[in-house]
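Novice: Here is how the chains run, residue by residue.
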Amino acid sequence: MSMIKTENLCKSFHSLEVLKNVSITVEQGEVVCIVGPSGAGKSTFLRALNNLETINSGKIYIEDVLVEDRDNILTNKVKLPKAQRLAIMLELGMVFQRFNLFPHLTSLENIMIAQTQVRKRSEAQAREKALALLERVGLTDKADEYPNKMSGGQQQRLAIARALAMDPKVMLFDEPTSALDPELVGEVLDVMKDLAKDGITMVVVTHEMGFAKDVADRVIFMDDGMVLEDAPPSEFFTNPKNERLREFLRRILTKEQ
Amino acid sequence: MDNLQKMLTWMPSLLKATEITLLLSILSTLTALFFSVFLALGKISKRKIISKLTGAYIFFFRGTPLLMQLFFIYYTLPQLLPAFNIKSRFFAAWLAFSLNIAAYLAEIIRAAIQSIDKGQFEAAKALGMSYSQTMRLIIIPQAYRRMIPPICNEFVMVLKDTSLVSIIAVVDLTYQTKMIASQRANSLVYIPAMLIYLVITAIFTFIFNKLEEKLSVYE
Chain B
1 MSMIKTENLC KSFHSLEVLK NVSITVEQGE VVCIVGPSGA GKSTFLRALN NLETINSGKI
61 YIEDVLVEDR DNILTNKVKL PKAQRLAIML ELGMVFQRFN LFPHLTSLEN IMIAQTQVRK
121 RSEAQAREKA LALLERVGLT DKADEYPNKM SGGQQQRLAI ARALAMDPKV MLFDEPTSAL
181 DPELVGEVLD VMKDLAKDGI TMVVVTHEMG FAKDVADRVI FMDDGMVLED APPSEFFTNP
241 KNERLREFLR RILTKEQ
Chain C
1 MDNLQKMLTW MPSLLKATEI TLLLSILSTL TALFFSVFLA LGKISKRKII SKLTGAYIFF
61 FRGTPLLMQL FFIYYTLPQL LPAFNIKSRF FAAWLAFSLN IAAYLAEIIR AAIQSIDKGQ
121 FEAAKALGMS YSQTMRLIII PQAYRRMIPP ICNEFVMVLK DTSLVSIIAV VDLTYQTKMI
181 ASQRANSLVY IPAMLIYLVI TAIFTFIFNK LEEKLSVYE
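Just so you know, the sequences run in chain order B and C.
So that you can map any letter, position 77 of the first sequence is 77 in the working numbering, and since no number is skipped, the others follow by simple counting.
So that you can map any letter, position 135 of the second sequence is 135 in the working numbering, and since no number is skipped, the others follow by simple counting.
Honestly, the hints are just simulated from the structure, not real lab data.
Among the hints, erroneous ones may be present.
[Claimed, not checked] Output of the computed footprint for chain C on chain B, the stretches with three or more beta carbons under 8 Å from beta carbons of chain C: (1) 27–36; (2) 207–217.
[What the hints assert, rightly or not] Simulated pairs of lysine-lysine, PhoX-like, Cα-Cα distance not exceeding 20 Å: (3) B/K169 <-> C/K16; (4) B/K149 <-> C/K46; (5) B/K5 <-> B/K20; (6) C/K125 <-> B/K82; (7) B/K149 <-> B/K169; (8) B/K79 <-> B/K59; (9) B/K82 <-> B/K120; (10) C/K118 <-> C/K46; (11) C/K125 <-> B/K120; (12) C/K16 <-> C/K160; (13) C/K178 <-> B/K82; (14) C/K16 <-> B/K79; (15) C/K46 <-> C/K125; (16) B/K59 <-> B/K82; (17) B/K241 <-> B/K169; (18) C/K160 <-> C/K178; (19) B/K169 <-> B/K129; (20) B/K193 <-> B/K169.
Just so it is clear, the structure is predicted and the values come from calculations on it, not from any experiment.
For glycine and all other residues, C-beta sits at the position ideal for the given N, C-alpha and C.
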């Protein structure tokens, strides 16, 4: 059983094609990193999985259930009951580049609100879970703090905790460290490594090659809206087949040194 | 000295009329506030018909003079629809002001909602929250802090605009002032009347400033 499967996803903004027949499968427990130059369509792909972008055509399966099937942007041929659709979408947790925390709520409330409203948990259950998650991401002392009073790294860890509170089976990370000061990247990556160790399925759009090398089961290279390479990191970094990937790695790796 | 004494003797009747001015301003603004939330949500609705209709409402009430709207409700409506004969001048004024203010407040609220970062909608959606949950729990609580200053501004405008109702003989501060001026043949009465308007707006501006300070804690 695959966790996520896409077939021929296409997406364009006006005349600009950002996804061209993207077909990717992610198995349960896998950590998949998607890398590539900016404008390659990586973020759009991730957002399409979560229905934050509507695809123009293609199919999306989540846990082998077809959730999107389009020939055009207007009609989804899959008609799922609302409750079932919500249940499936809750299998996906999302972490954004710019955190998107709720600034009018404290850390604790940020993690509790969807639990009580969407998962219909009691106040007490939600609080207990929220406190456990805050501890997990190392923010116990920030429970009553508002997000804007916290550093970028702390905010992103809080955002991860907020997504985890819904018990997703897959975590989608959209460049989770790109908006952070360099010295704060490590603490967020550590939390993510910890998650990977626990066996949660992860799809990570990132520029952190070190993370991809160490943690990913598979690394996907996207450029110009297409998947150009899909390989385990050992192969991906040492023996890349695609010419554009070789060029990309050369540029990235010389910059890192 | 003689003049000052005269002004003081007019004070009780002026203050009595001020109650009507205040009552009309507060009632109309509160009524308008209630309707404007729906108008604002209608204006940003994805359903074309709803957004077009609310857009037309807002366009009409912002595009015609408030005084004409007042005349329309008090004189024209009863002629068109005899069932809609408003006997109470105060009620007509209240209705006209509420409808008018609602259009302005709707634009304020719409702008505040749309000023909230798109990422907030996306985060809420990714957590499985519905549109109404997102609006109610995430967007409006943030937007309302941004609405407070312009809404307070609007209220201070309304306080002064209510002087228009004197034209359909609602006994507000302006009407009372005019009465005294003509009965006593003494136009000095406009001085204390204007001072009363100034004091009221000063008091409300002070309260609203304090409110703003309090609400801006997290931003």
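Novice: Sort out which numbered hints this structure fails and list those numbers smallest first.
Specialist: 1, 2, 3, 4, 7, 13, 14 and 17
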